[in-house]
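J.: Chains A and B supply the protein sequences, listed in that same order.
Using the numbering used here, the first residue of the first sequence is number 1, and each one after it goes up by one.
Using the numbering used here, the first residue of the second sequence is number 278, and each one after it goes up by one.
It should be emphasised that the hints constitute simulated quantities derived from the structure, not laboratory data.
The model shown is predicted, which means the values in this text are computed figures rather than measured ones.
Treat the hints with care, since some could be wrong.
Footprint (simulated), chain B over chain A, 3 or more residues, beta carbon under 8 Å [stated by the list, open to error]: (1) 123-129; (2) 250-263.
Simulated restraints, written as ranges between beta carbons of each label pair [stated by the list, open to error]: (3) Trp447(B) to Arg98(A): 21 to 27 Å; (4) Leu135(A) to Trp373(B): 35 to 41 Å; (5) Val584(B) to Phe115(A): 17 to 23 Å; (6) Gly155(A) to Ala445(B): 45 to 51 Å; (7) Arg98(A) to Arg313(B): 17 to 23 Å; (8) Leu8(A) to Leu343(B): 31 to 37 Å; (9) Tyr238(A) to Val584(B): 49 to 55 Å.
Even for Gly, the Cβ is constructed at its ideal location relative to N, Cα and C.
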Amino acid sequence: MSRARIPLPLWLGAPLVALALGMALLALVWTPHDPAALAIGEKLRAPDWTHPLGTDHLGRDVLSLLMAGARTSLAVALVAVGIGAGLGVPLGLWAAARRGTWIDDLLMRANDLIFAFPSLVIAILITAAFGPSALNAIIAIGIFNIPVFARVARGGALTIWSREFILVARLAGKGAARISVEHVLPNIASLLIVQATIQFSLGILAEAALSYVGLGAQPPTASWGRMLAEAQTLFYGYPRLAIVPGLAIVLTVLGLNLMGDGLRDHLDPRLRQRAVQ
Amino acid sequence: MAVYLLKRLASLGLALIAASLVVFALIEVVPGDPARTMLGINATDAAVAALRDSLGLNQNIALRYLDWAGGMLRGDFGHSYSYRVPVAQLIGDRLWVSVPLAGYALALTVALALPVGLAAAALRGRAADYGLMSLTQLGIAVPNFWFAMLLVLVFAVKLPLFRSGGFAGWDAGLGAGLWSLTLPAVALALPQASILARVLRSALIETAGQDYIRTSRAKGLTARGALLRHGLRNALIPVLTIMGLQFSFLLAGAVIIEKVFFLPGLGMLLFQAITQRDLIVVESTVMLLVAAVILVNFLTDLAYAWVDPRLRRRGRA
Numbered sequence: 001m002s003r004a005r006i007p008l009p010l011w012l013g014a015p016l017v018a019l020a021l022g023m024a025l026l027a028l029v030w031t032p033h034d035p036a037a038l039a040i041g042e043k044l045r046a047p048d049w050t051h052p053l054g055t056d057h058l059g060r061d062v063l064s065l066l067m068a069g070a071r072t073s074l075a076v077a078l079v080a081v082g083i084g085a086g087l088g089v090p091l092g093l094w095a096a097a098r099r100g101t102w103i104d105d106l107l108m109r110a111n112d113l114i115f116a117f118p119s120l121v122i123a124i125l126i127t128a129a130f131g132p133s134a135l136n137a138i139i140a141i142g143i144f145n146i147p148v149f150a151r152v153a154r155g156g157a158l159t160i161w162s163r164e165f166i167l168v169a170r171l172a173g174k175g176a177a178r179i180s181v182e183h184v185l186p187n188i189a190s191l192l193i194v195q196a197t198i199q200f201s202l203g204i205l206a207e208a209a210l211s212y213v214g215l216g217a218q219p220p221t222a223s224w225g226r227m228l229a230e231a232q233t234l235f236y237g238y239p240r241l242a243i244v245p246g247l248a249i250v251l252t253v254l255g256l257n258l259m260g261d262g263l264r265d266h267l268d269p270r271l272r273q274r275a276v277q
Numbered sequence: 278m279a280v281y282l283l284k285r286l287a288s289l290g291l292a293l294i295a296a297s298l299v300v301f302a303l304i305e306v307v308p309g310d311p312a313r314t315m316l317g318i319n320a321t322d323a324a325v326a327a328l329r330d331s332l333g334l335n336q337n338i339a340l341r342y343l344d345w346a347g348g349m350l351r352g353d354f355g356h357s358y359s360y361r362v363p364v365a366q367l368i369g370d371r372l373w374v375s376v377p378l379a380g381y382a383l384a385l386t387v388a389l390a391l392p393v394g395l396a397a398a399a400l401r402g403r404a405a406d407y408g409l410m411s412l413t414q415l416g417i418a419v420p421n422f423w424f425a426m427l428l429v430l431v432f433a434v435k436l437p438l439f440r441s442g443g444f445a446g447w448d449a450g451l452g453a454g455l456w457s458l459t460l461p462a463v464a465l466a467l468p469q470a471s472i473l474a475r476v477l478r479s480a481l482i483e484t485a486g487q488d489y490i491r492t493s494r495a496k497g498l499t500a501r502g503a504l505l506r507h508g509l510r511n512a513l514i515p516v517l518t519i520m521g522l523q524f525s526f527l528l529a530g531a532v533i534i535e536k537v538f539f540l541p542g543l544g545m546l547l548f549q550a551i552t553q554r555d556l557i558v559v560e561s562t563v564m565l566l567v568a569a570v571i572l573v574n575f576l577t578d579l580a581y582a583w584v585d586p587r588l589r590r591r592g593r594a
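Work out the full structure, taking the sequences as your base and the hints as a guide.
T.: Structural data, given as C-alpha cells:
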C-alpha cells in the first residue's frame, strides 16, 4: 500500500481541507482582528492591507469572521460525525455480530426509519423546539449520522464475519464483542474513514443551512451560514460579503468529497470500481 | 405482487405511526408551557388557562396524541393560533407553491442529469468525462441557497430577467407562475442533478460490462446504440430509487430555498410559525412533510418492484 500512487482526487482535496482546518485551528488562538468587534465607522470597507477581505455592514473584519466561522462550521460538523460514528458503529457491529436475529432486524428497521425522515426538516424542528444554538445543531445533524454509520459498519462487518480468520478467532474462544473490536473493526476502518469524510462534508452543508435560517450558531458566534444570512440584504451592492463565505463552504466541501473519493481508492483498490458514485 | 404489496403497506403504516410519535414527542418536550410560549410573557394567567383548555393540554398525553393523529387522518390539522384559521387551509394554500416547485425542480434535475450522465458514460475515460464529472463534483459542493443568491444577483439584479423573489401566483397565468419559480427550481436542481448524473453514469458503466450488452453488440448494434437501447433501461433501476429520494428531498429541502426567494410555500409557513411559536402549525407542517417523504419513498419502492420483477420475488421469499 505504501508504494501505491496517491490518487489525484486526494492530491486536490487534501490541500483544500488542510486550508480550512488550518484556518479553524489558527482562529483558536489568533485572528487578524476581533471577529466580534463592531466598528460602524469602518463599515463596508473594500479590501485593503488592514482588512484583506474588507469589512461587513457592522465594520467587522471579514477575514477574521471567515476564520472564526471555519472554527464553528468545522467543529459542528466534526462533533456531529463523532456522535454518528460513536453510536452508529457499535450498533452496526452489534447488528452484524447478531446477524439474522431479531436484534439485527430491529436495529436495521429503526435505521430505515431514521433514513426515511427528511433530515433537514427534523433538524429544523429540533433546533426550533430546543432553541437555536450550535450545540442543538450538532445534535440534530449527529442523530442523522447514526444510521449512516450503522449501515456502513454492518454491511462491512457482515463480509468480514464470513472470513476464515474470524473462524479461527472463534475457535480460540473469543466472544462476539471481542472479535468485533479486535478483528472486524480494523478491517472496516477504511470504509468508515471514507464515510466519515462524506458525512463531514454533509455536516458542513447542513450547519450552513441551519445557521443561514437562524437556527444554528447564534450571535456573536461567527459561522459561514450566518455570514451568508447577514449578507443577504446587502449583497446586491456588496457581492463579496456573500461570495467569500460561500466560496469557503464550496471549497471545503469539495475538498472533503475529493478526499473521500481519493481515500477510497487509496485505502481499498477493490472498491475502485464502485467508487464512481 | 399482492403479498409484496401487503408487506410494504404494513411497513408504510408502521413508519407513519413511528414518525408521528417522534414529531409529537419533539413538540411535547418543548421546554415550558406551550400555551405560555405561544402567548408570550405578558399574557395573563387566565388567558393561558383558556388557551391550555382549547389546546386540550389538560387532557392526558395519550388522548392528545390520538386526537391529533386521528384528526390528521381525517384532514383536520388543528387550528392555527396565530392565523386564526384551520391549519389545513394554511397548508393547502402553501402546497400550491411547494409541490409545483418540487416537481419543476425534479423535471430540471432529470433534464440536466440525463444528457450529462449519458455523455459521460459514452465518453468514459476521456477528457470530456473528467470534465463533466468535475463539474458534478462542484455541483454537489455548492449549497443550494448560496447558489440561489448568486442566481438572483446575476439573473434578477444584473440582468433583470427574473423577479428576485416572491411568487406571481397561479392567477397571473401558468407561464407567469412558472417563470417566478424558475430561479428557485434551478437552484434546487443543480446539486440534485449532479448527484443523479453521477449515479446514472456509474449505473450505465456497470451495465456496459453485462452479457446482454455484448450480445447486442454481436448482433450489430453500435456501442452507443446498445447503451441507449439496453443499458439505459437497466440503469434506470438505481436511477429511479435516487429520483424518489430526490423528490422527497426537494419537497423538504425547498424550505430553505423558499426563504431565499420569499416564496409563500410550506417552508415559509414553517419558519413563520416557528417565529410566532405557533406550535400547532409547526407540528402539522412537519408531520405533513415527513409523511410526504415516507409516502414518496414507498411509491418509489413500488415502482422499483414494478420495473424489476426480481425484487418482487425476493420480497415474497
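J.: Taking each numbered hint in turn, which are not upheld by the structure, reported in ascending numerical order?
T.: 3, 7 and 8
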